[in-house]
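S.K.: As numbered in this note's numbering, residues 2 to 446 make up the sequence shown, in order.
With a straight-line Cα cutoff of 20 angstroms, these simulated EDC-like cross-link-like pairs (lysine to aspartate or glutamate) come out:
{"hint": "1", "residue 1": "Lys211", "residue 2": "Glu135"}
{"hint": "2", "residue 1": "Lys223", "residue 2": "Glu420"}
{"hint": "3", "residue 1": "Lys405", "residue 2": "Glu238"}
{"hint": "4", "residue 1": "Lys223", "residue 2": "Glu416"}
{"hint": "5", "residue 1": "Lys425", "residue 2": "Glu413"}
{"hint": "6", "residue 1": "Lys8", "residue 2": "Glu413"}
{"hint": "7", "residue 1": "Lys297", "residue 2": "Glu258"}
{"hint": "8", "residue 1": "Lys69", "residue 2": "Asp36"}
{"hint": "9", "residue 1": "Lys195", "residue 2": "Glu220"}
{"hint": "10", "residue 1": "Lys247", "residue 2": "Asp275"}
{"hint": "11", "residue 1": "Lys33", "residue 2": "Asp77"}
{"hint": "12", "residue 1": "Lys12", "residue 2": "Glu413"}
{"hint": "13", "residue 1": "Lys403", "residue 2": "Glu366"}
{"hint": "14", "residue 1": "Lys405", "residue 2": "Glu415"}
{"hint": "15", "residue 1": "Lys403", "residue 2": "Glu238"}
{"hint": "16", "residue 1": "Lys367", "residue 2": "Glu238"}
The hints are simulated quantities; they were obtained by calculation from the structure and are not laboratory data.
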Amino acid sequence: MTYDTAKELQKRGHQVELWTGFPLNMELCKNKHFDNYLYDGIFVQRFYHYYKQSISLNKLWEFEYNNKIFSEYFSDLLKSKRPDIVHAFHLGNLSASLITECVKLNIPTVFTATDFWAVCPKCQLRLADNSICEGPGANSMNCFAHMLNRSYLNLMPCWLFKSLIWLAKQGWCPEKRYLPLLRAVVSRADFLKKTINHIDRILVPTHLLKQVLQRHGFELNKIRYVPYGINLNNIEEQRLKTAGAKVRLGFIGTVAEHKGVHVLLEAVRLLPKDIPIEIFIYGKLEEVPEYTACLKEIAGGDGRIHFCGTFPSHEIGVVFSQIDCLVVPSIWYENTPLVIYSAQATNTPVIATNLGGMSEVIQHEKNGLLFEKGDTAQLAHLIMRLCRDRNLLPALSAKAVKPKSIPAYVNELEEYYGEILAEKALRYDSMVDGVKIYEEVPSGI
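All chains, please: the whole structure from these sequences, using the hints.
M.R.: Okay, structure coming up:
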């Protein structure tokens, strides 16, 4: 989506540069952390960040949300480029320190929250046991529970665990070597809340994400609900879906545990062998090899299940023409996967987990079907319904909700850009003795 948005802005005459972060597993000299290149006519500045054993664990945690190596370079870049506006689509590989540098120079900022990174370092609000997480909690208790998922911590009384964290915040820890790590973890939530609240606009694609951010202290008056747009150039509107001799179900996405592919396969294995279905799994199988091996074990050589690998993005329309229904069995909120929008653009019904984000786009019995998280029996029942009720598939297909296009999405972005620039111009005129006043922003832990 970032690329498509950049190309559309460029097409409209705007000068666009992309800044991206790239993880690296090798050590680099300080002046080797950055390079740049041209990609399809877009100038890209790339920051390499690496994780090495010699770097302290507390620094790894702090750099994830406040990377001082990046901020130093980014500050110089901003001073030389002086962009009219900086729009971040994700801060994970660059850190929120880029916001601090923009605010120091009074450069307008927009942040599109594509997931839950602002409140969850894992981005997914998912605990180690795959249950839904409500967020860091007081003193980041949930983050500690996830990070230190060991038996002795599970046995520790909650009051004692809370007391130890509180003492660490005050500067006391029985093991002094752990104090910087505890501080880095505990400080994340407050640092990000204070920093991101300096952004001019926070754009969210779902009401769920708006509620999550508001609940964790992000300023509601800066949050705007802006559903994603998608590139419709490679997606032709297709005829309504009708069931053929077999109902063809597809999964498209990252083949990883949080996507719940195992939930789909386990549901299929519950169905009798004579049920006329075919399952097509699209995604990079080598990304998480252990999980792929687990999926193949679940499939057990079932001839109805096909592992298809990945495909070029321009073939998305072709893939949807070869399936009757998309299944999105994720075991986390998802915050609206773009593949659901693509499915709706091709009149393809969706069976999805009944979790916020997905359930905002898919309405049960209208343009798709919903089942409870991880409920393989319920999912199997819905698949059985599609096979037995030949009118269900076309009925769901007929009520597909057409998604927003990239040009329509960029129209909205330009409106917000204009608003912010106008506000900044007014602030610029509000001067004290000819000197602009800037709010203080957090510069570190």
